[in-house]
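Just so you know, the sequences run in chain order F, P and X.
Residues 297 to 538 in the numbering used here are what the first sequence lists, from first letter to last.
Residues 2 to 367 in the numbering used here are what the second sequence lists, from first letter to last.
Residues 19 to 307 in the numbering used here are what the third sequence lists, from first letter to last.
For the record, the hints were derived by calculation from the structure and aren't laboratory data.
For glycine and all other residues, C-beta sits at the position ideal for the given N, C-alpha and C.
Any given hint could be a false lead.
Claimed, not checked - Partial selection, computed: residues in chain X whose CB lies under 10 Å from chain P:
no., residue
1, 55
2, 112
3, 121
4, 159
5, 282
6, 286
7, 290
8, 291
Stated by the list, open to error - Residues of chain P placed beyond 12 Å of chain X at every Cβ, according to the derived structure:
no., residue
9, 40
10, 111
11, 144
12, 149
13, 319
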Amino acid sequence: MSQLQVRDLQVTFGGLRAVDGMDFDVAQGEILCLLGPNGAGKSTTLDLICGKTQPTGGSIRFQDTEISRMLEFQRARLGIGRKFQVPSVYKELTVAENLSVARSMKPGIWHALTHPAIRRSSKMQDILDLVGLQDKMGEPAGNLSHGETQWLEIAMLIAQDSRLILMDEPTAGMTIQETERTARIFRSLSANHTLIVVEHDMSFVRTVADRIIVMNQGSKLAEGTIQEIEANEAVKTAYLGH
Amino acid sequence: MNTKLSYDIIGLTLFAGVILFGVPALFSYDGFELNTFSRYLSLAIVSMALALSWGTAGLLNLGQAATFGMGSYAMAMHLKLKASGDGLPDFMGWNNVETLPLIWGPFQSLTFTLLAGLLIPAAVGGLIAIFMFRARIAGVFVAIITLAFLVAFQLLVIEQQGLTGGQNGLTGLAQLVLFGWKIDIYSVSFYYMVGGCLVAALIFGLYLTHSKFGLVLRAIREDAERTRYFGYNVANYQTVIFCISAGLAGWAGMLYALVLEFASPTYMSVSFSLAIVIWCAVGGRESVLAAAVGAILVNLAEGRLSDVFVEGWHMILGVMFLVVVMFMPRGIYGLLVDAGRVLRRKPASTKEALPFDTPLNPKQES
Amino acid sequence: MDVVFNQAFAGLSIASILLIIALGLAIIYGTMGVINLAHGEFVMLGAYATWALQTYAGLGVVTALPLVFVAVAAVGWIIEKVIVQRLYTRPLDTILATWGIGIILQQAVRLGVGADSRFVSGPHWLSGNIEIGALVMSNYRLFVIAFSIMVLGATWLLMTRTEFGMKLRAVIQNRGISECYGIEAKNVYSVTFAYGAGLAGIAGALITPLFSTIPTMGTGLVVDAFLVVIVGGLGSLMGTAAAALLIGEVTALFSIVINDTLGRIAVLAGIILLIRFRPRGLFPSDIRH
Chain F
297 MSQLQVRDLQ
307 VTFGGLRAVD
317 GMDFDVAQGE
327 ILCLLGPNGA
337 GKSTTLDLIC
347 GKTQPTGGSI
357 RFQDTEISRM
367 LEFQRARLGI
377 GRKFQVPSVY
387 KELTVAENLS
397 VARSMKPGIW
407 HALTHPAIRR
417 SSKMQDILDL
427 VGLQDKMGEP
437 AGNLSHGETQ
447 WLEIAMLIAQ
457 DSRLILMDEP
467 TAGMTIQETE
477 RTARIFRSLS
487 ANHTLIVVEH
497 DMSFVRTVAD
507 RIIVMNQGSK
517 LAEGTIQEIE
527 ANEAVKTAYL
537 GH
Chain P
2 MNTKLSYDII
12 GLTLFAGVIL
22 FGVPALFSYD
32 GFELNTFSRY
42 LSLAIVSMAL
52 ALSWGTAGLL
62 NLGQAATFGM
72 GSYAMAMHLK
82 LKASGDGLPD
92 FMGWNNVETL
102 PLIWGPFQSL
112 TFTLLAGLLI
122 PAAVGGLIAI
132 FMFRARIAGV
142 FVAIITLAFL
152 VAFQLLVIEQ
162 QGLTGGQNGL
172 TGLAQLVLFG
182 WKIDIYSVSF
192 YYMVGGCLVA
202 ALIFGLYLTH
212 SKFGLVLRAI
222 REDAERTRYF
232 GYNVANYQTV
242 IFCISAGLAG
252 WAGMLYALVL
262 EFASPTYMSV
272 SFSLAIVIWC
282 AVGGRESVLA
292 AAVGAILVNL
302 AEGRLSDVFV
312 EGWHMILGVM
322 FLVVVMFMPR
332 GIYGLLVDAG
342 RVLRRKPAST
352 KEALPFDTPL
362 NPKQES
Chain X
19 MDVVFNQAFA
29 GLSIASILLI
39 IALGLAIIYG
49 TMGVINLAHG
59 EFVMLGAYAT
69 WALQTYAGLG
79 VVTALPLVFV
89 AVAAVGWIIE
99 KVIVQRLYTR
109 PLDTILATWG
119 IGIILQQAVR
129 LGVGADSRFV
139 SGPHWLSGNI
149 EIGALVMSNY
159 RLFVIAFSIM
169 VLGATWLLMT
179 RTEFGMKLRA
189 VIQNRGISEC
199 YGIEAKNVYS
209 VTFAYGAGLA
219 GIAGALITPL
229 FSTIPTMGTG
239 LVVDAFLVVI
249 VGGLGSLMGT
259 AAAALLIGEV
269 TALFSIVIND
279 TLGRIAVLAG
289 IILLIRFRPR
299 GLFPSDIRH
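Let's have the full structure, built from the sequences with the hints guiding it.
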């Protein structure tokens, strides 16, 4: 039984079929990469899974529960986390506070009322060490550089510890070294998490992906390993000679 | 950015010291002066209540005066009944009301009154909150809806003359007997009671802002949608803080009715609600302590200056408010924080190295 | 039946006044997202200007209209340039700042002219009523209704047929791109704010024969005007007109069914419900913002 099952997923925006009958499964611990030209519907698919957008048809089953009608925070509680294309850390909060918010295993009000804002723990320290922000704990996130902000986002995702993590262009704006570092982090994450990653950086995808789905005009164009995809004629046509 | 807990504790201790020891000594324990100052202290409570919902959670409740008014009427109803020997209050007779309305009955009990003055505003706040936040109403619309509610509520209170005393409010109140203690509002002990309530409210407020609850609220204030993706039920958090804020406002209202010895619909006017916003803004809405200080300072200034500038005081208030909003949007608190940052500034930092030991790549910066 | 017609007329009269007041506010909010809590005071300024012109220059209400428009528009223009312009990035603070401005204007008038109620007499040629059967319609109120429709029409023409209107609509839809095309958004905003203020001034002038002119007359009006704008939907002149009509008629209806105050409360409650269920109003613009 796969962890995520998407069947005939559809969403229409004012006449435009942004996602048109997507069908795929994701197994636990897998790293699935979503590729495709701009406007193919990759980000929209992630939006549909995490609850940012409601589908107009189809079904999404996560760990054997139908989630397509649930609100976003309910899906988050089930274990779905999302990293957006535009870096979205809390600029007015410090790095430590950002991480504390991300630690949302117990998101209820009672827990929040009975615990301090920041609880130092070795786990938090490890995460900060991993992304290299251990010296910036008290710094407001708005003061971080672009690269550091990306790292903070990744740190927050790790702290959130979601079973299924949806990533939208995680290496955008990163250097080659940062990209390699991210790839290593992702591979270690996949031991206990499932990742769906929308990406454009092919070398990153080659290092990281267990499986690839190429989307075009809202539906699945091709599916398979990196070699299969690279050999696929339809994919080459869709990318116009990529 | 939230102040470190240690700074807040020091601040609160200093504040409590000044309020509980400094001020009475300053006024030579004169009952009349202390009574006037008690008024400022009760207004400080409603100002800090607004800071909780506005400064921490970003919810501008322009109808704060409504819940404040509910609390004052609760206390006034109890005291009016006591003044009428638990029988029919005089104004009802004048309005051809023959028997005590059902709503009034329970206020004969002190315990009920104290609970009602806290819980009824909280409940009303909760209903409005659920109404708004389930529908994900935010920002400006929260301000508009709460303002409309306030206007409607004040109209209702004035209209129901037989029930509420209408335009005139509730006057001719008895002295409060608090579980055997007959309270003289011109006594030093009454001042300590009000001061104690303010300090207690501040401790509670600081607890909230330094808890994870306060942190999540600040996250919601900055980006509610992102916070949902972490699994937080944003509507619930907003509703809870709104309720707490409304309950505190009710408590402040009860004290206010005690100090002034009457309750009136002017406590629920749009201008009064905006005055609360002004005090909170001047002090600094991000800090409950600053909001309380702001209320005390502005009202103190009004008390002293409105004798000098009898006609022009409201104009001065308007100008001051405008200046604060334009140039000091974070209030006096904001100025202090910025000053502190300047004083503690480290030497201009060089570009930080990459988080891992790799040579700088010319492709790097954003 | 007569009662119905008379109430319908009363509702129309209320609606026409609401419309002129709300129109200026709708334009300002629709264009710049500024919630101008001083709008009621612009109405008040218009009323006092009318009084001053009548008392010191012997001008009638109707003759004074153009002068009042220019005077209040000028005040609005200055306020926008000096204060509002600095607050575009902070919408909640604009509410507070304009409230402060409103207090200042109110107090200035109170200190300068006095708090006593001022009386302005309506034009003689509009006094009296037209009677059709049992339906009694005050001439002056008929004039106000006609005038409000004219103002609505003029504003619509301004927005759709003039170059300024085109620039305005461009800036509403997308400020950034408009500036790339050379449209000075700042100037558009200033003129728009001034126009909205001017409309409020005219409203003030028109209501002087109907209501007492006191410094605090603006406070109640601004909440009502706001609610009309919200109900009507952003960026929609027709929406504002429809909302004014709806609220005017409903208010009139409620005041015969129940009393005035309860009627007002019922209208407020209805509006709160409407904002909750249709926050974009009755006629929201179709463009995704």
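To see whether the hints hold, each was checked on the structure:
Taking 10 Å as the C-beta contact cut-off toward chain P, the hint placing residue 55/X at the interface holds, the least distance being around 9 Å. Proximity of residue 112/X to chain P holds as hinted, the smallest CB-CB distance being about 9 Å (cut-off 10 Å). The interface hint given for residue 121/X is met, as the beta carbon of that residue sits about 3 Å from the closest beta carbon of chain P, less than 10 Å. A least Cβ separation of about 25 Å between residue 159/X and chain P goes past the 10 Å threshold, and the interface hint is therefore violated.
Residue-level restraint check for residue 282/X holds (minimum Cβ-Cβ distance to chain P is 6 Å; threshold 10 Å). Residue-level restraint check for residue 286/X holds (minimum Cβ-Cβ distance to chain P is 4 Å; threshold 10 Å). Taking 10 Å as the C-beta contact cut-off toward chain P, the hint placing residue 290/X at the interface holds, the least distance being around 5 Å. Contact between residue 291/X and chain P, as hinted, is supported at the beta carbon level, the nearest pair being about 9 Å apart and thus within 10 Å.
The beta carbon of residue 40/P sits about 22 Å from the closest Cβ of chain X, which is more than 12 Å, so the claim that it is off the interface holds. With a least beta-carbon separation of about 32 Å from chain X, residue 111/P lies farther than 12 Å from that chain, consistent with its non-interface assignment. Listed as outside the interface, residue 144/P is inconsistent with that label: its C-beta sits roughly 6 Å from the nearest C-beta of chain X, within the 12 Å cut-off. Non-interface call for residue 149/P relative to chain X: violated, since the shortest CB-CB distance, roughly 5 Å, does not exceed 12 Å.
Not every Cβ of chain X is farther than 12 Å from the Cβ of residue 319/P; the closest lies at roughly 3 Å, contradicting the non-interface assignment.
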